[in-house]
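Residue numbers (numbering that gives the first Met the number 0), protein chains in the order written: chain H, 0 to 218; chain R, 0 to 218; chain L, 0 to 218.
No lab work stands behind these hints: they were computed from the structure.
Note that CB positions come from ideal geometry on N, CA and C, so glycine has one too.
Take these hints with a grain of salt, some might be off.
Heads up, incomplete: computed chain R residues facing chain L, CB under 8 Å, no partners named [unchecked claim]:
{"#": "1", "residue": "LEU52"}
{"#": "2", "residue": "LEU117"}
{"#": "3", "residue": "PHE125"}
{"#": "4", "residue": "LEU126"}
{"#": "5", "residue": "VAL130"}
{"#": "6", "residue": "TYR151"}
{"#": "7", "residue": "VAL157"}
{"#": "8", "residue": "ALA159"}
{"#": "9", "residue": "ALA183"}
{"#": "10", "residue": "ALA184"}
{"#": "11", "residue": "SER196"}
{"#": "12", "residue": "HIS198"}
Label pairs and their calculated CB-CB ranges [stated by the list, open to error]:
{"#": "13", "chain 1": "L", "residue 1": "CYS194", "chain 2": "R", "residue 2": "LEU71", "range": "53 to 61 Å"}
{"#": "14", "chain 1": "R", "residue 1": "LEU171", "chain 2": "H", "residue 2": "LEU74", "range": "53 to 61 Å"}
{"#": "15", "chain 1": "H", "residue 1": "ASP122", "chain 2": "R", "residue 2": "VAL179", "range": "40 to 48 Å"}
{"#": "16", "chain 1": "L", "residue 1": "GLY121", "chain 2": "H", "residue 2": "GLN147", "range": "48 to 56 Å"}
{"#": "17", "chain 1": "H", "residue 1": "ILE176", "chain 2": "L", "residue 2": "GLY53", "range": "29 to 37 Å"}
{"#": "18", "chain 1": "R", "residue 1": "GLN148", "chain 2": "L", "residue 2": "ARG200", "range": "29 to 37 Å"}
{"#": "19", "chain 1": "H", "residue 1": "LEU74", "chain 2": "L", "residue 2": "ARG174", "range": "24 to 32 Å"}
{"#": "20", "chain 1": "R", "residue 1": "ASP62", "chain 2": "H", "residue 2": "LEU195", "range": "31 to 39 Å"}
{"#": "21", "chain 1": "L", "residue 1": "ARG90", "chain 2": "R", "residue 2": "LEU71", "range": "53 to 61 Å"}
{"#": "22", "chain 1": "R", "residue 1": "VAL175", "chain 2": "H", "residue 2": "LEU171", "range": "33 to 41 Å"}
Listed below, chain by chain, are the residues.
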Amino acid sequence: METFLFVLEIIGTVAFSVSGAMTAIKKNMDLFGVVILGLITAVGGGILRDLVLGITPPATFRDPVYSIVSVLCSLAIFLTAVRRALNHHHRLYDFTLFLMDSLGLGVFTVVGVRTAFLAGQGDNLFLLSFVGVITGVGGGVLRDVLAQQPPYIFVKHVYAVASLLGALACGLLWRVIPAVPAMAAGSLLVVTVRCLSAHYRWSLPHPHSAEETEKNGLT
Amino acid sequence: METFLFVLEIIGTVAFSVSGAMTAIKKNMDLFGVVILGLITAVGGGILRDLVLGITPPATFRDPVYSIVSVLCSLAIFLTAVRRALNHHHRLYDFTLFLMDSLGLGVFTVVGVRTAFLAGQGDNLFLLSFVGVITGVGGGVLRDVLAQQPPYIFVKHVYAVASLLGALACGLLWRVIPAVPAMAAGSLLVVTVRCLSAHYRWSLPHPHSAEETEKNGLT
Amino acid sequence: METFLFVLEIIGTVAFSVSGAMTAIKKNMDLFGVVILGLITAVGGGILRDLVLGITPPATFRDPVYSIVSVLCSLAIFLTAVRRALNHHHRLYDFTLFLMDSLGLGVFTVVGVRTAFLAGQGDNLFLLSFVGVITGVGGGVLRDVLAQQPPYIFVKHVYAVASLLGALACGLLWRVIPAVPAMAAGSLLVVTVRCLSAHYRWSLPHPHSAEETEKNGLT
Chain H
0 METFLFVLEI IGTVAFSVSG AMTAIKKNMD LFGVVILGLI TAVGGGILRD
50 LVLGITPPAT FRDPVYSIVS VLCSLAIFLT AVRRALNHHH RLYDFTLFLM
100 DSLGLGVFTV VGVRTAFLAG QGDNLFLLSF VGVITGVGGG VLRDVLAQQP
150 PYIFVKHVYA VASLLGALAC GLLWRVIPAV PAMAAGSLLV VTVRCLSAHY
200 RWSLPHPHSA EETEKNGLT
Chain R
0 METFLFVLEI IGTVAFSVSG AMTAIKKNMD LFGVVILGLI TAVGGGILRD
50 LVLGITPPAT FRDPVYSIVS VLCSLAIFLT AVRRALNHHH RLYDFTLFLM
100 DSLGLGVFTV VGVRTAFLAG QGDNLFLLSF VGVITGVGGG VLRDVLAQQP
150 PYIFVKHVYA VASLLGALAC GLLWRVIPAV PAMAAGSLLV VTVRCLSAHY
200 RWSLPHPHSA EETEKNGLT
Chain L
0 METFLFVLEI IGTVAFSVSG AMTAIKKNMD LFGVVILGLI TAVGGGILRD
50 LVLGITPPAT FRDPVYSIVS VLCSLAIFLT AVRRALNHHH RLYDFTLFLM
100 DSLGLGVFTV VGVRTAFLAG QGDNLFLLSF VGVITGVGGG VLRDVLAQQP
150 PYIFVKHVYA VASLLGALAC GLLWRVIPAV PAMAAGSLLV VTVRCLSAHY
200 RWSLPHPHSA EETEKNGLT
């Protein structure tokens, strides 16, 4: 279990660091900006989760391994980005960002559910899911607010909803099957919903007409 | 007392959900965006309050009723908004937003003061007021930051000050009269100050001249 | 020690209040906006620090002296700013803002390290530094996010890094020399690194070319 969890957390840390670093590169931040935004994206959700659960200092502050992995990832991304930016592979950029963000969302959602379980909140499915969603979307929200772009949770279809579905699935499965498959299934569900949503461009009703959308400029 | 408090909290939840949902609609967010921004606006202040007071997990995470009410409100607003947007009643929009925001501010301010009281901080009027203000303005600040608009606490005259006056009044009255009238008086004071401020367009000195204001564009 | 610490905290509070108030004045906020942004900048880092360390309610809420000093500073800045704005001393503005921000960064970084020490985390140099950096940069990040400008931690060269170096120096020195000189040295290091960085305009690699930088407009 410990190994499985560690692998999950490293996957999530790598994925969100890449997502934060790529966002910073798009905003043309310098080396330090890229590393800092990668780090905040990777550890932000876990810090919010621990604060909400009353776990102080948060795990991120006690064990440096996640921060070190995150900094190394952002450095690697920065160095390749310098080269890649010369070639302008916009599609590869968008696809990588989407994949990393979905992966981090899935992994951190179930890690959040597990942490709430261990904090003795296993009976309250509402709390489990809420904490899972906050852990999953927290890092990305901080990334977007600090990078001054519209938060993904508002503009990407079924983003928070994918996290919520994965958290609910994980929390329910936990009662009938062991933790490892429950967490794996929850993560997979999040990534699957995100991929389906992107592939079929699931569209939700907007309050205004299409013409107004263009004027307002937020899509 | 419990019934009174529950009614107050539901009023505040409804008011702030409407305020968050209307802001999201103005920003042309889709269905999920509207629900999420309504929810964050409604529960954000209470979560900040509980974190500051060391109450973990925050009340919002333990009892789903406030989140459910908030989601239903935002859904209702979204459905009517779709229709209303066709008619473009800008004045009605502005007035409703103002009223809901002032109501939520008044209610959550005194709920915050009460929570600090119960947490054993009744002797420290400074802390009581500070916690009241954070509970009152917290949801709106999160709403504005996430919706990428200038926070109300900076641009609406006497917004945080109205909350502070209500918190002080509630904290002082609590020592001489029962809790229910003290909280009612505090809430009313907040709403009254907000209404007077809006009606008379109370204007405060700005550092720059009027011409510069137009150039800078933030009013 | 207590006197030294109190003096440090007042210096940091004054410096960050001035920095927040000046930012608000640049954004043409009114009197209340200036006071509120000054206050948030001054007490924000300390509140984040205490939440992370599980110290609730945070010190800022228990002792009003820092808030009172902050409000008085912002009022003073506002009144002089009104007059100064007429004369447009842009260089003086930039220099004062830089100095105050660096001073606040240095002081709050070591105050954060000390608070983590007292919370029993003295053995974990990683945690000490992390908490020091959050205390140092937290107020400024909140100021920038609320004022809707790109956070200093991304756009000012070696801003967070200066704080990190000061925190590490303070945490390491603490083991060999008394607390007062360790804190003084850490603060001085932060201010020195900031000044050197500004004077020599230390430039870090950016992912895009110079032409693209101009287009994107974030430097």
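Okay, the hints, checked on the actual structure:
{"no.": "1", "hint": "LEU52", "result": "holds (6 Å)"}
{"no.": "2", "hint": "LEU117", "result": "violated (13 Å)"}
{"no.": "3", "hint": "PHE125", "result": "holds (4 Å)"}
{"no.": "4", "hint": "LEU126", "result": "holds (5 Å)"}
{"no.": "5", "hint": "VAL130", "result": "holds (7 Å)"}
{"no.": "6", "hint": "TYR151", "result": "violated (10 Å)"}
{"no.": "7", "hint": "VAL157", "result": "holds (7 Å)"}
{"no.": "8", "hint": "ALA159", "result": "holds (6 Å)"}
{"no.": "9", "hint": "ALA183", "result": "violated (25 Å)"}
{"no.": "10", "hint": "ALA184", "result": "violated (23 Å)"}
{"no.": "11", "hint": "SER196", "result": "violated (11 Å)"}
{"no.": "12", "hint": "HIS198", "result": "violated (18 Å)"}
{"no.": "13", "hint": "L:CYS194 to R:LEU71: 53 to 61 Å", "result": "holds (56 Å)"}
{"no.": "14", "hint": "R:LEU171 to H:LEU74: 53 to 61 Å", "result": "holds (56 Å)"}
{"no.": "15", "hint": "H:ASP122 to R:VAL179: 40 to 48 Å", "result": "violated (33 Å)"}
{"no.": "16", "hint": "L:GLY121 to H:GLN147: 48 to 56 Å", "result": "violated (37 Å)"}
{"no.": "17", "hint": "H:ILE176 to L:GLY53: 29 to 37 Å", "result": "holds (34 Å)"}
{"no.": "18", "hint": "R:GLN148 to L:ARG200: 29 to 37 Å", "result": "holds (34 Å)"}
{"no.": "19", "hint": "H:LEU74 to L:ARG174: 24 to 32 Å", "result": "holds (29 Å)"}
{"no.": "20", "hint": "R:ASP62 to H:LEU195: 31 to 39 Å", "result": "holds (33 Å)"}
{"no.": "21", "hint": "L:ARG90 to R:LEU71: 53 to 61 Å", "result": "holds (56 Å)"}
{"no.": "22", "hint": "R:VAL175 to H:LEU171: 33 to 41 Å", "result": "violated (51 Å)"}
In this structure, the earlier hints numbered 2, 6, 9, 10, 11, 12, 15, 16 and 22 are contradicted, and the remaining ones agree with it.
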